[in-house]
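Visitor: Residue numbers (the numbering used here), protein chains in the order written: chain A, 450 to 807; chain B, 450 to 807.
Fair warning: there could be bad hints in the mix.
Said to hold, decoys possible - Partial selection, computed: residues in chain B whose CB lies under 8 Å from chain A: (1) K466; (2) L497; (3) Y508; (4) G536; (5) E711.
Just so you know, these hints were derived from the structure itself, not from any lab. The beta-carbon is built from N, C-alpha and C at its ideal position, and this holds for glycine as well.
2 protein chains.
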Amino acid sequence: MKINIQEMVKKNIRELKAYKPEEILCPIRMEANENPFTINSSLKERVLESISRISLNRYPDSLATDLRKQISAKSGIKPESIIVGNGSDELIQMLITAFCENEDKVLFPVPTFSMFGIIAKSFGVNTIEIPLDSEWDIDLAEIKKSYEKNLPKIIFLSTPNNPTGNCFSENKILDIIEKTYSLVVVDEAYADFCGKTFIDQLKHSKNLIILKTLSKVGMAGLRVGYLIASKEIINILHKIRLPYNSNSLSQGAAKVILTNNEIVESQVQQIIKGREFLLEELKKLKDKEGITPFHSNANFILFKTEKDADAIHRKLTEEGVLIRNLNSDGPLKNCLRVTVGRPEENDAFIKALKKVAQ
Amino acid sequence: MKINIQEMVKKNIRELKAYKPEEILCPIRMEANENPFTINSSLKERVLESISRISLNRYPDSLATDLRKQISAKSGIKPESIIVGNGSDELIQMLITAFCENEDKVLFPVPTFSMFGIIAKSFGVNTIEIPLDSEWDIDLAEIKKSYEKNLPKIIFLSTPNNPTGNCFSENKILDIIEKTYSLVVVDEAYADFCGKTFIDQLKHSKNLIILKTLSKVGMAGLRVGYLIASKEIINILHKIRLPYNSNSLSQGAAKVILTNNEIVESQVQQIIKGREFLLEELKKLKDKEGITPFHSNANFILFKTEKDADAIHRKLTEEGVLIRNLNSDGPLKNCLRVTVGRPEENDAFIKALKKVAQ
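Just chain A, same shape as in the assembly (with noise of 0.2 Å):
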């Protein structure tokens, strides 16, 4: 007898494959929904002085007390209902790991966030996908029925979506945490930058959960992202969260940050009107380039090529800008998207899509 490995692999992981971001390398990087600006000198300064003293050799603060309190102070929720995690990612797993069974199944629309998946798969977890209708909002007919079959242990509902950029109508989101037993997490990954939540609504509805990250609005080096419930939810997911998830540097450097919040909400309506000028800019690349753009609530525009969408994706990184190749069967058939840029990476990229898509 000798050891197998792959044997003892359970079985779900065995067919999965390992997550892999994109590592071109280009100039221009408009592909991971990031905030293109850097924070400026002075605000920079404050955090290396907040960072200069840490005590690296000490364990973190496990429960992330000034983060959360600097969270509240800036949302007004309170910080016994706020838990930190090593990105929504973690709390997405959290989640899983205290709720599901392998039995149990998770509903989410598609497209949507690929992380949603991944991990309850991995997990050993079953998904439900529901197509969203043609104008990429949910198909609440189809959830309703797909409830009743199922029943779900948790709906993720991301709002604005990902990859398609809209925001889901609010009635239908509504719908669905009012009218199912199913923990409804509602992932606000990009709300910042439609100015839409629905935490006025945790205080009705107790199966209610939100996902907030700072990766969005120019922390992705940090890895923070915080999860919004009821306190019996947050005291369950206490339970299974590991004691320091969260790490010193990135606790003091997102809580000088968020103390001077009119910095990242300047950049949040830099990158709104960003997203205005492509929109308007894509829009006129109908005729000639053969390009359809699709309204966006986020930081980023999902498009339609009529040309083949693998060889603009591949000449835009040839003209040294890179943004997310999207294209598969299916209601993403030739779909690309791009995020919102610096001003003049914006122009850049307007540019070379001319001379690509032509």
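The hints should help you fit chain B onto chain A, whose structure is shown.
Guide: Leaving out everything else, chain B in the frame of chain A:
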């Protein structure tokens, strides 16, 4: 029908309690097995300089390429045999996620590092706990008997073992690695304080996995652990690793500190000296104070008290010295654990212990 959140929680999670690090405020903290020394101002300067060049708005390097290269340069292990985690805790979680179905079992001697059991239980995996022998060494006969009966998927061995402080017999560990078909995880979190490692055994044993951490040698705040194993095992773990599990700041800071490894090494030597000092001093407290220290190869010392350990622990905190109270029914009855401190902290601890244990 009303929503009952508690009924939605996985059964195995319901009975768990959240892990709460000790939160007593004391000027002298010798409870968490941290390195008591901070880095000097010149190294801190270099860390801050490196951090100042990181774009916080961009996602981290998913593969922690530079950090793994630096670990490789220091250890001689190939970068592709290393995977970085958000602390060892996350790596333990990844191992259980990848390899353990619900009915699977993991085995470890007790007392040992509590997270092996806590994480396994949070995933509903069965734990088999085999008591250490009277010398705190592995009970090889009992482990083998249990192995035959239970065929555990993973065996966790922490050496030097926390909280007992001793290294397990090398021959017994080798016997377990070579004569079982389990994955054998040797947790070398404290190995820097004794110089022993099983890295050389990796080329002979494809079921061997080694865990390392930077938490005990001065970087607990960063949350950087790493796992060394065959490329086959590493590739399996990448399938379920969250894409950005290690943040940019911690990767950057750890890389700089490891580049200046002579500082870490000199601190390790000072800690070993401090441990030997504490051991000698504790041995002197047998007759009058009723203290019996156990031999240690780590950066902490376990000791037994004749009087009530809870009272001694409480009185020590009143004296401003926080150590770890492990007093519980079973082999750790009246046991306390003290982490080696700076020389003046070691003196203060001994002085306080003499006072409160008399």
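Visitor: All the hints need checking, so say for each whether the structure fits it.
Guide: Do the hints match the structure? See the list:
no.	hint	result
1	K466	holds (7 Å)
2	L497	holds (5 Å)
3	Y508	holds (4 Å)
4	G536	holds (6 Å)
5	E711	violated (17 Å)
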